[in-house]
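Q: Okay, here's what each chain looks like letter by letter:
2 protein chains.
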Amino acid sequence: MAEYIVRPIGVVRSALKDPADAPKQGALTGQEAEIVVDPAYLPALDGLERRVAPAGKTVPGGARRKDGKIVVFCWMHFADRERLKVHPQGQEDLPERGVFSTRSPHRPNPVSLHTVTLLSIAGNVLRVRGMDAIDGTPVVDIKSHSPELDG
Amino acid sequence: MAEYIVRPIGVVRSALKDPADAPKQGALTGQEAEIVVDPAYLPALDGLERRVAPAGKTVPGGARRKDGKIVVFCWMHFADRERLKVHPQGQEDLPERGVFSTRSPHRPNPVSLHTVTLLSIAGNVLRVRGMDAIDGTPVVDIKSHSPELDG
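These protein sequence lines map, in sequence, to chains A and B.
In this text, residue positions in the first sequence follow this note's numbering: the first is 1, and each later residue adds one.
In this text, residue positions in the second sequence follow this note's numbering: the first is 1, and each later residue adds one.
None of these hints come from the bench; they were simulated from the model.
Warning: the hint list may mix true and false statements.
It does not matter which identical chain is used: a pair holds within one copy or between any two.
[Unchecked claim] Calculated pairs, EDC-like style, for lysine to aspartate or glutamate (alpha carbon to alpha carbon, straight line, at most 20 Å):
#1 K85 with E49
#2 K17 with D80
#3 K85 with E96
#4 K85 with E3
#5 K17 with D135
#6 K17 with E34
#7 K85 with D21
#8 K85 with D38
The shape of chain A in the complex, shown without the other chains (with noise of 0.2 Å):
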């Protein structure tokens, strides 16, 4: 089968420093961090300002773009891509399974998935909440949420 060259769009800037640091679904815990997009791709990041997520107001548009969220791909550049199986959530009492039926970085493409809240952006400099990844992780891809899509 076909190979395919994945080149990062922009890195993610965190306080969290080391993988050790990065809490299980950490989506769940209201990390902030900053995605800083190569400013080569600027034009693709127009009309992301409408997915802002609202500081306590309503926007123009509707509910389905009240709740801010967008989606973001990192590559997760220190899993370990020939591991197949793993504990759940690094639970070591937990029985092994197989990596697609689980959300572990360690998997044979290590593209993760974050579904964040979008609460700025500044030319090429996105601030977000929810977000796991550490300081340094490539980021991929950037697309809007969608509740009926992904929900």
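Chain A is already provided as a structure; the job is to place chain B on it using the hints.
A: Relative to the frame of chain A, chain B by itself:
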């Protein structure tokens, strides 16, 4: 920035044969398809059988598993990776927007996100509902779905 190599772990088998046939956001149309996983990755599927959608009855493990949803990433091999702006949903009367504010397949790293219902698993073949990728699309990753993380 470093580059990374994606090695597909499987392929989509679908009645949708042509990109022009693929419904926009076909997750909403209930399109069924098969995901044929490379047998080398069979151990990574272990545990996924617990995610199979029940046929009208409850399952052990409670409500969180009852929806039978999983997350599938594909590589959109027909995408235009140079394209930074698109007409949303391909509608040329709508003004162009940055691809990162859309779900267009055209984007620098064309990894797609599909939240699908897992209908059955037979060996290395997963049958799913809500998959709009066309026949022959490379599959990059499979993950458990979490309403808390992804909804």
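Q: Within, between, both or neither: how does the pair K85, E49 come out at a Cα-Cα threshold of 20 Å?
A: Intra 40 Å, inter 15 Å, cutoff 20 Å: inter-copy only.
Q: At 20 Å max between alpha carbons, let me know whether K85 reaches D21 within a copy, between copies, both or neither.
A: Close neither inside one copy (22 Å) nor across copies (37 Å); limit 20 Å.
Q: Given identical chains, is K17 near E34, meaning Cα to Cα at most 20 Å, within a copy, between copies, both, or neither?
A: within (13 Å within a copy, 40 Å between copies)
Q: Give the relationship of K17 and D80 under a CA distance limit of 20 Å: within one copy only, between copies only, both, or neither.
A: within (19 Å within a copy, 35 Å between copies)
Q: What label fits K85 with D38 when the C-alpha limit is 20 Å: within, between, both, or neither?
A: Between copies only: 16 Å across chains, 34 Å inside a chain, cut-off 20 Å.
Q: I want to check one pair: K85 and E96. Are their C-alpha atoms no more than 20 Å apart within a copy, between two copies, both, or neither?
A: within (6 Å within a copy, 43 Å between copies)
Q: At 20 Å max between alpha carbons, let me know whether K17 reaches D135 within a copy, between copies, both or neither.
A: Intra 5 Å, inter 41 Å, cutoff 20 Å: intra-copy only.
Q: Up to 20 Å between alpha-carbons, please classify K85 paired with E3: within, between, both or neither.
A: neither (23 Å within a copy, 25 Å between copies)
The earlier numbered hints that this structure contradicts are 4 and 7.
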